[in-house]
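J.: Sequence:
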Amino acid sequence: MNVYNIHLFTIISLLACLLAMYWTQRNQVASDEEKLGVGKGIVKLLGLWIGIPCFLASAQASYQYGIIGMLGYSVAGILGLLFIFMVNRKIIYQRQPLRYLPLLWVLEDILISVLAGKMILNLIYSINDHLSIAFVTSFLLLMLAVQFGKPNQASFVIVLLAMSATMLLPTLVYLKVSVPTVYSGVKFLATDMLRLDISSSWSLAGALLVRFMTGSLIHPRLRITFHQIKVSKRGLCFCLAPLIWACLPISMGTLSFVSKAEAIWPSFPDQVSVMVVGYFAGQIGIVLLIVTLIIILITAVPQATLGEQKSAVWMRGAIILVAGAISLLFPKLTILDTMLNFALIWAAVAPVVLLISKLGRGGAAIVIIAGLTTGCFYSLTSGVTIGVLVDVLVSVSVAVLLTIPTNWKKRRNSLGPTFGSD
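According to my numbering, the residues represented by the sequence shown are 17 to 438, in order.
No wet-lab data here; the hints were simulated from the structure.
Where hints are given, some of them may not hold.
[Unchecked claim] Listed next, with one range per pair, are the computed distances between beta-carbon atoms:
#, residue 1, residue 2, range
1, Ser-283, Leu-184, 23 to 33 Å
2, Ser-398, Met-183, 50 to 60 Å
3, Tyr-141, Ile-385, 24 to 34 Å
4, Ser-413, Ile-266, 32 to 42 Å
5, Leu-120, Leu-396, 15 to 25 Å
6, Leu-417, Ser-283, 37 to 47 Å
Backbone N, C-alpha and C fix where the C-beta goes; we use that ideal spot for every residue, glycine too.
Using the sequences and the hints given, assemble the complete structure.
T.: This is the structure we're talking about:
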């Protein structure tokens with residue numbers, strides 16, 4: 017693998033993608049009231065739902081938890097989009113989740129971007145972790161200064177690159193390593209990847225389901241996109257987009273089987289897809305993966321922002337610095353771990369987002385504290401996947417119990433005065 021050619025092709029490809037993004041942004045008008053057709057709606061949904069975890073965390077889930085982890089990730093993503101569609105059909109568009117929740121979503125998104133950027137610089141360009149984190153943090157701050165408040169019209173480019181990666185990367189890998197060879201290697205070296213009776217794999221699938229379904233309620237731009245699709249009466253977008261999206265994590269997840277079959281052992285499990293592509297996909301494959309991840313990094317800050325006011329720039333800059341500090345303090349933190357840890361928060365607050373009018377501030381605080389406390393306790397004692405599942409069960413149960421008096425009172429008032437009353 018010629019490193020010089022990789023650098024050259026990466027620069028040329030990035031310039032081409034940036035020109036495409038500039039042309040798209042120049043020829044489209046972004047508006048929250050814009051009506052979307054089926055094609056535009058699907059592209060916009062995919063642009064929001066396709067992220068760095070699709071390329072890295074899906075392969076990590078497959079590498080650590082086998083076929084159940086790979087399929088669980090895909091099914092969870094599908095149900096997450098369908099869930100927000102079903103919920104928002106009866107929820108007023110203007111109603112937003114709790115005030116600071118979008119900032120936590122931004123923190124998760126930026127932290128994942130920092131971890132991914134560190135990985136690329138470390139594996140491809142052999143830059144140590146500290147310099148990599150400093151470089152990626154500075155890069156994100158620069159993108160914040162340049163693009164904050166501007167409409168993000170990169171969905172088409174991201175979707176095009178992601179679909180190209182979905183088709184090309186496994187093809188290039190399996191042209192060098194045949195399917196029978198991979199199957200034989202997995203059956204000999206990692207039989208646990210094919211087993212369906214491992215409880216930890218099923219608990220991960222459940223935790224990912226909770227993460228995608230609850231996280232979709234907090235996503236800053238997904239609610240706006242839903243409103244645009246609802247106004248356009250293009251509900252078919254929410255049926256087709258998840259099915260198209262599911263091809264990407266399955267495609268990247270299959271690369272982990274190659275890693276086990278060929279005895280490629282990454283230092284961290286979220287590196288598996290990058291390492292397999294680097295070994296077997298050739299220069300075209302590694303350039304395609306690097307360019308796709310860099311384009312997502314470039315659009316991470318503008319896409320993650322909820323408001324367009326310049327006064328929020330400092331808050332977003334502070335979040336980027338916090339993400340860099342977390343990466344330095346926890347050098348073994350992986351992308352899948354980050355998703356599951358933040359899922360503890362989403363699981364606790366999701367019932368509050370849905371039932372805030374019935375719970376009130378006091379009830380909302382009780383639900384969040386109860387869910388987070390039990391979730392964190394079980395995460396420390398039984399693992400984060402169990403913690404997420406317990407978290408959502410406790411928070412939903414407490415929220416339902418607290419809303420019973422309110423529902424009973426409304427029902428009583430709707431019945432009017434009882435017989436014999438004055």
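J.: Any hints from earlier that this structure breaks? Give me their numbers in increasing order, please.
T.: 2 and 3
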